[in-house]
Amino acid sequence: MSRTAPFSPDDLGSIRTVALMCAWLCLALAISLPVLNALAWATATAESLPMKIAAKSAFPYGLQPWQRALGGALSMLPVLTMSWGLMRARRSLTVFAGGDLFAGEAVTGLRDFACACFWAAVAGLAAPTVLSLALTIANPPGMKQLTVGVNSTDVMALLTAGIFWVIAAAMARAGDLARENAEFV
Amino acid sequence: MPIVVTLDVMLAVRKARSKDLAEYVGITEANVSLLKQGKVKGVRFDTLERICAFLDCQPGDIMKYVPDEDGDAA
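Chains as they are written, first to last, in my numbering: chain X, 526 to 710; chain Y, 10 to 83.
Hints in this document: simulated from the structure, not taken from any laboratory.
Computed from a prediction, not measured in an experiment: that's the story for all the values here.
Incorrect hints may have been included.
Said to hold, decoys possible - Not everything, but these chain Y residues come out facing chain X in the computed CB check (under 8 Å): (1) Ile36; (2) Asn40; (3) Leu43; (4) Leu44; (5) Val49; (6) Lys50; (7) Gly51; (8) Val52; (9) Arg53; (10) Thr56.
Every residue gets a Cβ at the ideal spot worked out from N, C-alpha and C, and that includes glycine.
Extracted from the complex, chain X is given alone in its bound form:
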């Protein structure tokens, strides 16, 4: 059933509450994701590495410190991209929580979040390949590895990013209409 009636005060209250909760969650994730990623790589072992990056056999002498550092640095790129996107999303959500649903700042933040999701998803698709190559480049011949793979999570992330971008573009247009409507008495 389509909706054409204006939002009731109850609807706006729900939007504000959920927006505020999501804003705090975005902040928490934006800070914790890079920290957790760094910690994971600092404590990584050949056995703990996911198979999609490299098999345990690629590290006959275990995971060396330079490999941990390189892996951490390379994997930080999509993570930091996502953290930036989450902070931009937080800005949008904070504006929504203030009750202004069509503010330019909110729409821009949502678009930036969509862009961040897109690039993080692209980096996520490329990461196993880049990491497997980088971590095993120094191995003797016959022990280097190259991983290529696509999984549904990354594909869904790309699709979700596209959907967010479209929604942000629609909201930008809605904001223009709302401002024009405000000029009618």
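Given chain X, put chain Y in place with the hints provided.
Structure of chain Y alone, referenced to chain X:
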């Protein structure tokens, strides 16, 4: 602008105050002022109906079309 608002004239004829009109119509005095100056983008039919009801007039009594000198609408 080709549409000229003559609301101020009708208010004077009916000896009505903008404040009372605003209250009856349900818009702010600021919007009534903008309307009198012709600085709004448009008027909703609902608003026009209430203005005409308050001032006991027709829509043509509070706005008129005055084409530009070259005859084209801006």
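Against the structure, the hints:
1. Ile36: At 5 Å from the nearest chain X Cβ, isoleucine 36 of chain Y passes the 8 Å test, so the hint holds.
2. Asn40: holds, 4 Å
3. Leu43: Nearest chain X Cβ about 7 Å off; hint holds.
4. Leu44: holds, 5 Å
5. Val49: holds, 5 Å
6. Lys50: holds, 4 Å
7. Gly51: Check passed: Cβ of glycine 51 of chain Y comes within 5 Å of chain X, closer than 8 Å.
8. Val52: OK, holds: valine 52 of chain Y within 8 Å of chain X, min 6 Å.
9. Arg53: holds, 6 Å
10. Thr56: holds, 6 Å
When held up to the earlier numbered hints, the structure conflicts with none and fits them all.
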